[in-house]
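> Spelled out from the first residue to the last, the chains are:
There are 4 protein chains.
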Amino acid sequence: MSIRIFVTGGTFDKEYNELTGSLAFEDTHLPEMLRLGRCRVDVSVRTLMMIDSLEMTDADRALIVEQCRQAPESRILITHGTDTMVETAAALAAALAPESRQTIVLTGAMIPYAFGSSDGLFNLGSALSFVQALAPGVYIAMNGRCFEWNRVRKNRETGVFEAI
Amino acid sequence: MSIRIFVTGGTFDKEYNELTGSLAFEDTHLPEMLRLGRCRVDVSVRTLMMIDSLEMTDADRALIVEQCRQAPESRILITHGTDTMVETAAALAAALAPESRQTIVLTGAMIPYAFGSSDGLFNLGSALSFVQALAPGVYIAMNGRCFEWNRVRKNRETGVFEAI
Amino acid sequence: MSIRIFVTGGTFDKEYNELTGSLAFEDTHLPEMLRLGRCRVDVSVRTLMMIDSLEMTDADRALIVEQCRQAPESRILITHGTDTMVETAAALAAALAPESRQTIVLTGAMIPYAFGSSDGLFNLGSALSFVQALAPGVYIAMNGRCFEWNRVRKNRETGVFEAI
Amino acid sequence: MSIRIFVTGGTFDKEYNELTGSLAFEDTHLPEMLRLGRCRVDVSVRTLMMIDSLEMTDADRALIVEQCRQAPESRILITHGTDTMVETAAALAAALAPESRQTIVLTGAMIPYAFGSSDGLFNLGSALSFVQALAPGVYIAMNGRCFEWNRVRKNRETGVFEAI
Numbered sequence: 001m002s003i004r005i006f007v008t009g010g011t012f013d014k015e016y017n018e019l020t021g022s023l024a025f026e027d028t029h030l031p032e033m034l035r036l037g038r039c040r041v042d043v044s045v046r047t048l049m050m051i052d053s054l055e056m057t058d059a060d061r062a063l064i065v066e067q068c069r070q071a072p073e074s075r076i077l078i079t080h081g082t083d084t085m086v087e088t089a090a091a092l093a094a095a096l097a098p099e100s101r102q103t104i105v106l107t108g109a110m111i112p113y114a115f116g117s118s119d120g121l122f123n124l125g126s127a128l129s130f131v132q133a134l135a136p137g138v139y140i141a142m143n144g145r146c147f148e149w150n151r152v153r154k155n156r157e158t159g160v161f162e163a164i
Numbered sequence: 001m002s003i004r005i006f007v008t009g010g011t012f013d014k015e016y017n018e019l020t021g022s023l024a025f026e027d028t029h030l031p032e033m034l035r036l037g038r039c040r041v042d043v044s045v046r047t048l049m050m051i052d053s054l055e056m057t058d059a060d061r062a063l064i065v066e067q068c069r070q071a072p073e074s075r076i077l078i079t080h081g082t083d084t085m086v087e088t089a090a091a092l093a094a095a096l097a098p099e100s101r102q103t104i105v106l107t108g109a110m111i112p113y114a115f116g117s118s119d120g121l122f123n124l125g126s127a128l129s130f131v132q133a134l135a136p137g138v139y140i141a142m143n144g145r146c147f148e149w150n151r152v153r154k155n156r157e158t159g160v161f162e163a164i
Numbered sequence: 001m002s003i004r005i006f007v008t009g010g011t012f013d014k015e016y017n018e019l020t021g022s023l024a025f026e027d028t029h030l031p032e033m034l035r036l037g038r039c040r041v042d043v044s045v046r047t048l049m050m051i052d053s054l055e056m057t058d059a060d061r062a063l064i065v066e067q068c069r070q071a072p073e074s075r076i077l078i079t080h081g082t083d084t085m086v087e088t089a090a091a092l093a094a095a096l097a098p099e100s101r102q103t104i105v106l107t108g109a110m111i112p113y114a115f116g117s118s119d120g121l122f123n124l125g126s127a128l129s130f131v132q133a134l135a136p137g138v139y140i141a142m143n144g145r146c147f148e149w150n151r152v153r154k155n156r157e158t159g160v161f162e163a164i
Numbered sequence: 001m002s003i004r005i006f007v008t009g010g011t012f013d014k015e016y017n018e019l020t021g022s023l024a025f026e027d028t029h030l031p032e033m034l035r036l037g038r039c040r041v042d043v044s045v046r047t048l049m050m051i052d053s054l055e056m057t058d059a060d061r062a063l064i065v066e067q068c069r070q071a072p073e074s075r076i077l078i079t080h081g082t083d084t085m086v087e088t089a090a091a092l093a094a095a096l097a098p099e100s101r102q103t104i105v106l107t108g109a110m111i112p113y114a115f116g117s118s119d120g121l122f123n124l125g126s127a128l129s130f131v132q133a134l135a136p137g138v139y140i141a142m143n144g145r146c147f148e149w150n151r152v153r154k155n156r157e158t159g160v161f162e163a164i
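Residue numbers (the numbering used here), protein chains in the order written: chain A, 1 to 164; chain B, 1 to 164; chain C, 1 to 164; chain D, 1 to 164.
Pulled out of the complex, with its shape left as it was, chain A reads as follows:
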């Protein structure tokens, strides 16, 4: 089974820039995280963008949708900022043909991977597993749970993804 991973940025990949003292994006940590997890799933990683999801535009979402459509893989994992993950999931669900045989799982992190206390590795292991096991559809995998795209929201006060 071959899985496509699209990287879009988000907290997952935020770095601490020691010269400016602020958070910024450099390269994705996905390959390093897969190595740390000793992942033996056949994956190919492609970075589509490297942005905070609060800054994601409609054009960015259109690009993500288009890349999924064109991907030969039937199983796709997208790393994404948590703030607008649900919007992107909705855009994907709206655009994919009803007969699509693709399983798409979006995931992210509340704490950057570069921090020792990140939830990123847990979420990556979780999302990679759900994307292998679930039927076609668009899902969000966070906090060890997996939600259909239209049955979830992020509670901004607690940072937790909840069923609706």
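In case anyone wonders, no lab produced these hints; they're calculated from the structure.
In this text the structure is predicted, and so the values were computed from the model without any measurement.
Among these hints, one or two may not hold up.
DEER-style ranges, computed between Cβ atoms [claimed, not checked]: (1) B:S74 - A:A90: 44 to 50 Å; (2) A:A90 - D:R35: 52 to 58 Å; (3) D:G137 - B:S44: 56 to 62 Å.
Straight-line C-alpha distance at most 20 Å; calculated EDC-like pairs for lysine to aspartate or glutamate [to be verified]: (4) C:K154 - A:E55; (5) C:K154 - C:E73; (6) D:K154 - D:D42; (7) C:K154 - C:D52; (8) D:K154 - D:E55; (9) B:K154 - D:E18; (10) A:K154 - B:D42; (11) B:K154 - A:D42; (12) A:K154 - A:D42; (13) B:K154 - B:E66; (14) B:K154 - B:D42; (15) D:K154 - B:E18; (16) A:K154 - A:E55; (17) D:K154 - D:E87; (18) D:K154 - C:D42; (19) C:K154 - D:D42; (20) C:K154 - C:E55; (21) A:K154 - C:E87; (22) B:K154 - B:E99; (23) B:K154 - B:E18; (24) D:K154 - D:E18; (25) A:K154 - A:D52.
Glycine included, every Cβ here is placed at the ideal spot set by N, Cα and C.
Chain A is already provided as a structure; the job is to place chains B, C and D on it using the hints.
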């Protein structure tokens, strides 16, 4: 969905004892790992034993089987040393009634969680997801993959779990 | 030997706030860092402020100077943001009487301690050692080196403290 | 100021071998630790041996003494297992000429650097600072403190180095 987690020890939970300079077991790291992963799945953790799986006896395996049989939960995750994980999976498969509605996933780690470079958090996220998504049966989740109990072996030269 | 540690904030103690996605101050990590280093030096830690050193005012510096003056300890360690550490060192040197028997060492970090890749623990071990070994005076300990307060500057392009 | 670092192994450099499940030595972590600490002191690192200090023989100690004697640097840091660090310090003190102008500091760790919770980085920062600041002699730097070679013992019950 409620998930039972049985802890049996294994590399996952090995500690460095600074007075003796050797590896040993103290308490399980599972609760801390679930907290780090911000896990919101309803789980209950119970430690059955805290041993290296090379030292696991038939009596130990019988205890694990019996605990699974008696568990009211239909989804069970077992943390286990990697060296004899396949044997315990076989014991579970042999003992569970064919009509069992339980999904049981065994997982472990190649590097102790207490080491910064552990694969444990990735494997825990993976196993917790497979156990939610898969049909009844006994499985091994390692390296981001999930195998039916009788279709896997650990390659002792590479440390990787492979399909057979 | 008893050592006073004054905490003023700086990169050392920056946290990632997972709800806002930005860096902020909560409590100091000093006690945790001393525990991790198994430090057996007799120290007492007091937080004077918790700020980015770019935001440190003259009033803040006056407070730091006054606290050092009143401290009964002859050896004082100050954790401080790196951007204006040299200014605070100069304020201390100007205010302390020439016959002062105090050894004061300022230190900081380029990467927050909460990040796995922090230089904070190294710098803390270094500063705590220099403050015990050096003659009275005001010093800056960074990058494993120790500079007299008026013979150092931070190179903002490289983030390195250099002799002048 | 140029500092020579001699590596002899010890807990500092113990690794977890994931195939055997035991602790072993591979390469030293010193260069990586110096990088993490953003160390800008002029050091040259040389590995003399890579052993547990409980296995250190008289011949090993003679080699360490000889290497210190021949080193052109007047400041030498030795990383060493904690169990026999005091014996090696005594061997160095006995062998060095009374008029030696060398400052030699031995240090180590209670927890391997490869573990997230290591005291190694703190001790390295501490020892590197003491070796720069102290007068000629042989010292042991542990737990943030520095002891003359003949005024210290390791308390094996607590793992702490104490003044005698």
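> All hints are to be evaluated individually against the structure, with a verdict given for each.
Going down the list of hints, with the structure as the test:
no.	hint	result
1	B:S74 - A:A90: 44 to 50 Å	violated, 32 Å
2	A:A90 - D:R35: 52 to 58 Å	violated, 44 Å
3	D:G137 - B:S44: 56 to 62 Å	holds, 59 Å
4	C:K154 - A:E55	violated, 34 Å
5	C:K154 - C:E73	violated, 28 Å
6	D:K154 - D:D42	violated, 30 Å
7	C:K154 - C:D52	holds, 16 Å
8	D:K154 - D:E55	holds, 17 Å
9	B:K154 - D:E18	holds, 13 Å
10	A:K154 - B:D42	holds, 18 Å
11	B:K154 - A:D42	holds, 18 Å
12	A:K154 - A:D42	violated, 30 Å
13	B:K154 - B:E66	violated, 25 Å
14	B:K154 - B:D42	violated, 30 Å
15	D:K154 - B:E18	holds, 13 Å
16	A:K154 - A:E55	holds, 17 Å
17	D:K154 - D:E87	holds, 11 Å
18	D:K154 - C:D42	holds, 18 Å
19	C:K154 - D:D42	holds, 18 Å
20	C:K154 - C:E55	holds, 17 Å
21	A:K154 - C:E87	violated, 44 Å
22	B:K154 - B:E99	violated, 28 Å
23	B:K154 - B:E18	violated, 31 Å
24	D:K154 - D:E18	violated, 31 Å
25	A:K154 - A:D52	holds, 16 Å
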